[in-house]
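Input sequences plus hints: build the corresponding full structure.
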Amino acid sequence: MSHTPPPHPPPPALPPRTPPQADGPLSAARRNLRELAHGLTHPSHPPTPLLAHAPKQWQRLLPHVVVLALAATFIPVTITVLTSQYGLNGGLAGTLGVAQAAPLLMLAHRPLQAWWIIFSADVLGAVTLLTQSLHPYNIWPWTPPVIIGYLFLLLALALRETRRTVVAVWLLTGAAGLGLDSLAPGRDNASALLLFVLGGVVLLIGVAVRERGEAQRRLVEQETISEAERARRTLLEERTRIARELHDVVAHHMSVITVQADSAPYRLQGLSPQAREEFGSIAASARESLAEMRRLLMVLRREDAAGERGPQPGLDRVQQLVEATVRAGVPAELSLPAGLGPVPATVDLSAYRIVQEALANVVRHAPGARTRVSVVPDGDRLTVLVVNGPATGRTSPLETSGTGHGLVGMRERVRLTGGTLDTGPLPDGGFRVAARLPLTDPRPDPHPGLKPLAKDVP
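Note that my numbering has the sequence shown beginning at 1, numbered continuously upward.
It cannot be assumed that every hint is accurate.
Said to hold, decoys possible - Computed Cβ-Cβ distance ranges for the label pairs, DEER-style: (1) Gly341 to Gly409: 22 to 30 Å; (2) Gly179 to Gln132: 15 to 23 Å; (3) Ala184 to Ala28: 35 to 43 Å; (4) His135 to Val201: 22 to 30 Å; (5) Ser335 to Ile225: 52 to 60 Å; (6) Leu134 to Val201: 45 to 53 Å; (7) Gln260 to Pro337: 18 to 26 Å; (8) Gly409 to Thr383: 13 to 21 Å; (9) Arg295 to Asp378: 25 to 33 Å; (10) Pro46 to Asp422: 44 to 52 Å; (11) Val66 to Ser27: 41 to 49 Å; (12) Ile242 to Arg317: 43 to 51 Å; (13) Leu193 to Ala215: 41 to 49 Å.
It is worth saying that the hints were derived from the structure and are not from the lab. Only a predicted model underlies this, so the values are computations on that prediction, with no experimental measurement involved. Built from N, CA and C at the ideal position, the CB exists for glycine as well.
If you want it as structure tokens, here you go:
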């Protein structure tokens, strides 16, 4: 007889979740107070002097000259006023005068820290003056040097700090004056109100100047961005024009060469097998040139200058280059090791292009010159060497002078791979091209066997 266990009691129901309450007025006030305290204790700018990025040196030195002049003026004036008009002894007057005026040296780079020191020293000085019997014409709680120096301090704050911090400083200044007036109502002669009103005017002027400067800076940045955009658009239009010209001129002629070479065996009777093979080789070279030119045109037409990815020629096709050079009448030899091993994609393509350009230079400038191509691995380097002798003189060179763009392109390719290139004439009238390319690629190719066409720009 089977025994069925009693069913488990259902779990107790969870109390319904109450949606989070929105911040009430008290929470918002606490948050604003925290942000206000953070603004008063943390400067909103790095401790770099005002006008530190000005274009002229005298503009960069101007804030330092101003603060030095302020400190040199207000320290002795404050001490003199405290001793002669308020009757403080020399030691106490000197201490208060330095505490109230020396921090003016910080206005150029740390005005908020200077405010904390000066504000505390001013309040302490006002409390200290309560112990003195003041004449009716003496200003209290703020002395004349304190009022004028404090206005310079507020101007420096308005030029560097945020609106919230500036308003907090202004309100604390008014609250301190109101609190001091309440300690000695009979001594109130409206100096606290005067500083509060003048301070508000100075802060408004400083904030307006700062915001105008920021607006001008943003306008300059926007103009710079617009200029860069216009330059980019102009470059794209120029690249498109070059691509169009190349297609209209070079592609047409190369297509004609391909068609003529392909149709020559059918149009011309009695051609020898060697001639037919030569026409076939010309047609194949023309088709390959057309294919590479179309890939280059695709790169030129793209706005981001990133062509499609596809297989590109490498060291495995150097043998074909040498054979084509031999058919062009240049006795060339190739020394290429059988077990070369893996070669980085950029190095593989660069080595092929260097050999291609070097052999093209031999055909153009030294027809018939004996040429030797060597590709030798040497540890973590690959040496590509193309050496040709002097022209044989049986045929005249296709070009007697060059622009040097080919050598510049070779040097750029070698530089991008982190290698070295040595080129120059030989004593016998020949020429030597030697490139040492690293076999370690610091940036691994995410698509093995494929090389970016964007880099294949001669």
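Hint check for Val201 and Leu134 - Cβ pair distance inside 45 to 53 Å: Distance hint for Leu134, Val201 is violated at roughly 27 Å.
Ile242 paired with Arg317, Cβ distance criterion 43 to 51 Å: Taking Cβ atoms as reference, Ile242 and Arg317 lie about 27 Å apart, which means the hint is violated.
Given a hint of 41 to 49 Å, does the C-beta separation of Val66 and Ser27 actually sit inside it? 44 Å, holds
Satisfaction of the hinted span 18 to 26 Å by the C-beta atoms belonging to Gln260 and Pro337: 39 Å, violated
Could you see if the CB distance from His135 to Val201 stays within 22 to 30 Å? This hint holds: roughly 29 Å between Cβ atoms.
With respect to the beta-carbon atoms only, verify the hint that Ala184 and Ala28 lie 35 to 43 Å apart. Holds, at about 37 Å.
That 41 to 49 Å hint for Leu193 and Ala215 (C-beta), does it hold up? Roughly 33 Å apart at Cβ, these two residues miss the hinted range, so it is violated.
Does the Cβ pair Arg295, Asp378 satisfy 25 to 33 Å? 32 Å, holds
Taking 52 to 60 Å as the hint, is the beta-carbon distance of Ser335 and Ile225 inside that range? Check passed, 54 Å falls within 52 to 60 Å.
Do the beta carbons of Gly409 and Thr383 sit within 13 to 21 Å of each other? 19 Å Cβ-Cβ, so the 13 to 21 Å window holds.
Measuring from beta carbon to beta carbon, are Pro46 and Asp422 in 44 to 52 Å? 48 Å, holds
Gln132 and Gly179 - C-beta distance against the hinted 15 to 23 Å: 19 Å, holds
When each numbered hint is compared with the structure, violations occur for hints 6, 7, 12 and 13.
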